[in-house]
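Please take these sequences and the hints and turn them into a complete structure.
For the protein sequence lines, the chains are U, W, Y and Z, in the order given.
Heads up: the first sequence is residues 1 to 155, going by our numbering.
Heads up: the second sequence is residues 156 to 310, going by our numbering.
Heads up: the third sequence is residues 311 to 465, going by our numbering.
Heads up: the fourth sequence is residues 466 to 620, going by our numbering.
Derived from the structure by calculation, the hints contain no laboratory data.
Possibly wrong hints are sitting among the right ones.
[Stated by the list, open to error] Just some of the chain W residues that point at chain Z, by a computed CB distance under 8 Å:
| hint | residue |
| --- | --- |
| 1 | E164 |
| 2 | G168 |
| 3 | Q170 |
| 4 | N177 |
| 5 | V179 |
| 6 | G215 |
| 7 | G293 |
[To be verified] Output of the computed footprint for chain Z on chain Y, the stretches with three or more beta carbons under 8 Å from beta carbons of chain Z:
| hint | stretch |
| --- | --- |
| 8 | 342–352 |
| 9 | 390–400 |
[Unchecked claim] Within a straight-line C-alpha distance of at most 30 Å, the following computed DSSO-like cross-link-like pairs (lysine-lysine) qualify:
| hint | chain 1 | residue 1 | chain 2 | residue 2 |
| --- | --- | --- | --- | --- |
| 10 | Z | K556 | Y | K401 |
| 11 | U | K62 | U | K91 |
| 12 | U | K91 | W | K217 |
| 13 | Y | K372 | Y | K401 |
Quantities reported herein were computed from a predicted structural model and do not represent experimental measurements.
Even for Gly, the Cβ is constructed at its ideal location relative to N, Cα and C.
Number of protein chains: 4
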Amino acid sequence: MARTHIDLELRWGDQDAYGHVNNVAYARFLEEARVRTFWLGSGRERTGMERHFRGDDPAGPKMLVANQQIEFLRVLEYGERPITIELWIGKLGGSSLEVHYEIVDGAAEERTVVARAISQIVIVDGVTMRPIRLSDEGRASVSEWMDEPVRMRRG
Amino acid sequence: MARTHIDLELRWGDQDAYGHVNNVAYARFLEEARVRTFWLGSGRERTGMERHFRGDDPAGPKMLVANQQIEFLRVLEYGERPITIELWIGKLGGSSLEVHYEIVDGAAEERTVVARAISQIVIVDGVTMRPIRLSDEGRASVSEWMDEPVRMRRG
Amino acid sequence: MARTHIDLELRWGDQDAYGHVNNVAYARFLEEARVRTFWLGSGRERTGMERHFRGDDPAGPKMLVANQQIEFLRVLEYGERPITIELWIGKLGGSSLEVHYEIVDGAAEERTVVARAISQIVIVDGVTMRPIRLSDEGRASVSEWMDEPVRMRRG
Amino acid sequence: MARTHIDLELRWGDQDAYGHVNNVAYARFLEEARVRTFWLGSGRERTGMERHFRGDDPAGPKMLVANQQIEFLRVLEYGERPITIELWIGKLGGSSLEVHYEIVDGAAEERTVVARAISQIVIVDGVTMRPIRLSDEGRASVSEWMDEPVRMRRG
Numbered sequence: 001m002a003r004t005h006i007d008l009e010l011r012w013g014d015q016d017a018y019g020h021v022n023n024v025a026y027a028r029f030l031e032e033a034r035v036r037t038f039w040l041g042s043g044r045e046r047t048g049m050e051r052h053f054r055g056d057d058p059a060g061p062k063m064l065v066a067n068q069q070i071e072f073l074r075v076l077e078y079g080e081r082p083i084t085i086e087l088w089i090g091k092l093g094g095s096s097l098e099v100h101y102e103i104v105d106g107a108a109e110e111r112t113v114v115a116r117a118i119s120q121i122v123i124v125d126g127v128t129m130r131p132i133r134l135s136d137e138g139r140a141s142v143s144e145w146m147d148e149p150v151r152m153r154r155g
Numbered sequence: 156m157a158r159t160h161i162d163l164e165l166r167w168g169d170q171d172a173y174g175h176v177n178n179v180a181y182a183r184f185l186e187e188a189r190v191r192t193f194w195l196g197s198g199r200e201r202t203g204m205e206r207h208f209r210g211d212d213p214a215g216p217k218m219l220v221a222n223q224q225i226e227f228l229r230v231l232e233y234g235e236r237p238i239t240i241e242l243w244i245g246k247l248g249g250s251s252l253e254v255h256y257e258i259v260d261g262a263a264e265e266r267t268v269v270a271r272a273i274s275q276i277v278i279v280d281g282v283t284m285r286p287i288r289l290s291d292e293g294r295a296s297v298s299e300w301m302d303e304p305v306r307m308r309r310g
Numbered sequence: 311m312a313r314t315h316i317d318l319e320l321r322w323g324d325q326d327a328y329g330h331v332n333n334v335a336y337a338r339f340l341e342e343a344r345v346r347t348f349w350l351g352s353g354r355e356r357t358g359m360e361r362h363f364r365g366d367d368p369a370g371p372k373m374l375v376a377n378q379q380i381e382f383l384r385v386l387e388y389g390e391r392p393i394t395i396e397l398w399i400g401k402l403g404g405s406s407l408e409v410h411y412e413i414v415d416g417a418a419e420e421r422t423v424v425a426r427a428i429s430q431i432v433i434v435d436g437v438t439m440r441p442i443r444l445s446d447e448g449r450a451s452v453s454e455w456m457d458e459p460v461r462m463r464r465g
Numbered sequence: 466m467a468r469t470h471i472d473l474e475l476r477w478g479d480q481d482a483y484g485h486v487n488n489v490a491y492a493r494f495l496e497e498a499r500v501r502t503f504w505l506g507s508g509r510e511r512t513g514m515e516r517h518f519r520g521d522d523p524a525g526p527k528m529l530v531a532n533q534q535i536e537f538l539r540v541l542e543y544g545e546r547p548i549t550i551e552l553w554i555g556k557l558g559g560s561s562l563e564v565h566y567e568i569v570d571g572a573a574e575e576r577t578v579v580a581r582a583i584s585q586i587v588i589v590d591g592v593t594m595r596p597i598r599l600s601d602e603g604r605a606s607v608s609e610w611m612d613e614p615v616r617m618r619r620g
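See below:
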C-alpha cells in the first residue's frame, strides 16, 4: 500500500485526567504527521512531497485544514513506544486534497489501529491565501501516495 | 433555537506559528464546552443536563467521544473577547447522542461562525465502560436541547 | 498594594493524569497574565502599561523571558471558578524588570495562594532583539505597579 | 560526568506565535525527561532509578515538584532533530532532591545549551502524600547520578 509512516513519541502530558491519551492530542499527532511529511520530509519513507509544499519561497503553496474528522476506536495509553501514523492521500482535487490516516498503537503486540482520520486540505498561495492548483510536478509527487480512502463507521 | 451558549476565554498560547488560533485548540474548546455543559452546568443557560451525566456516583454514566468532525470556516485571532460555543443535541439515540456546535468569534461585529463541529458520543457505564441507556429523566433533560443538525459542506 | 489582578478561566484540559491542574499549565497562566497586562491592558485594573509595550509599531519594545521560577504550594483542582493572578513589578532595572506573581485559587473560601512566581524579563528592540531602555513614560507607568518582592522558600 | 541523556522530539505545535519553541514547552520537556528517567527508565543510559520511584505498588514513593526554575539562554527553532535533556541530581536531601538539567539544541553543530533548569522535588508516600525518606537502595541508586549543581546567572 502507498502509505508513508511517521513514528511519533508520546508525552506523559498528552494524558488527561482519566489517565488516557486525550482526544485533543490526536489532533496534535495528525498535525505533526502532516508537518513531517509535507514540510520536513522526515517520515520513514522519502516521499519527496516536501519539495512541493515548502521551500525557500514563502509565496509557495500552503496547506489549510478545511475540515478534519477523527474516529476514536480504542483507548491509547502513554508509554515509551512511539505510535505510528500511517498517512496517505485519499483524494486529490484541483486545489484540494484529502489526507487520510490510521494511528497505530506502538505498544500493542499486533498492529492495532486506535484511530482513523481524514483532513480535507485546501492548497493556497502563501501570499494571497487564495486556492491555487498544485504544479504538475507536485501533483505527480502526491499521486504516488494515493491509496484507498479510509473507512469510517460514520459517513 | 434550543442551543446553550458557553463563553470561553482565548489564551495567547492557543496560537500557532502562523499567529492564528491553532486548529488543535478548537478541539480543546469543544471539550471544555462539553465539560461545562454536561458536568458543571456552568454555561449561560441552566440546562440541568449536568444532573444526569455526573454526580456523586462514580459509576454514573460517562461520555466517550467516538467520532469528532470540525469544519474550519474562518481564521480566528487571539484577543480579549471570549468566543462563544453554541452547543446543542443534533441526534439522540439509545445509548449515544451527537453534540453539535457552532463556534462564534466574540470579537467580530456581527455573529460570525468560525467553525462547526459534531461529536458523536457514546454513553457508557462508569465502571464497566459498556454502553448504557440514559435514564428517562436524563433523556427528557437532553431532549429539551435538541435542534436541527448543523450543516457542514462535507457529508 | 500595587498589584494588578487577572482572572483566568481554568480548562479541564489543564489537568494531568493525576487529576490536578498540571504544573506546566501554571507557566501558561503566567504567560497569559503577562499578555493581558502588558499587551492587552485587560486585567481588572487599567494599568496603562500596555501603551508602552506594544502598539502599532512592530519595532517597539518586546519582552523576553530570561528566567522563570515557580514555587508550587498547593494542589489546584479544576472547576468553574476562575483563578486570579496577582501580578506586580518586583524589580526594575535599566533594560530589564522582574514580574512577580501570586496565583490565588478562586474556589477557596479564603484567599489561598497556590503558587508564587518570578519572571525575569529583558526588554529588547523588536527588530534588532538587542536590550533597550524603556522610555521615561514607560518607566513611570511601570513604576506605579512596583511592590515588595515575592518571598519564596528557595532563594 | 554523571548525567543521563534523554532525547526528545520537538513538535511543530510547541511553537508560539513568534515561530519559536515557546517557553511553556520547556516545562513540558522537563516533565517528560523526569518521567522517562524516574518512571520509565527509557533514557540513553540505564540508570536503574526507575525501580525505586514507580512499580507495581501504587503506594510507592511519588515525586512532587515544589519549585522549578528555568533559565532561557537561546531561542530554539522547531525541526526534525531531537533536543537532548541532560539530567542529573544536583542535591540529595532526606526526603527531597533537586533535579538539574541542561537542554541541548539537537540541530546545532556544536553542543549548544539553550536552557538550564532546576526542579526541587519532594518525595511523598503515594497514599498519604506525606514526605517520606527514600529507601537505602533508592538512595544509592540516585547517588550515582549526582553531579555539580547547574550554574544559573540568577541566584
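**Report entry** Index of numbered hints that the structure contradicts, given in increasing order
**Finding:** 1, 6, 7, 8, 9 and 12
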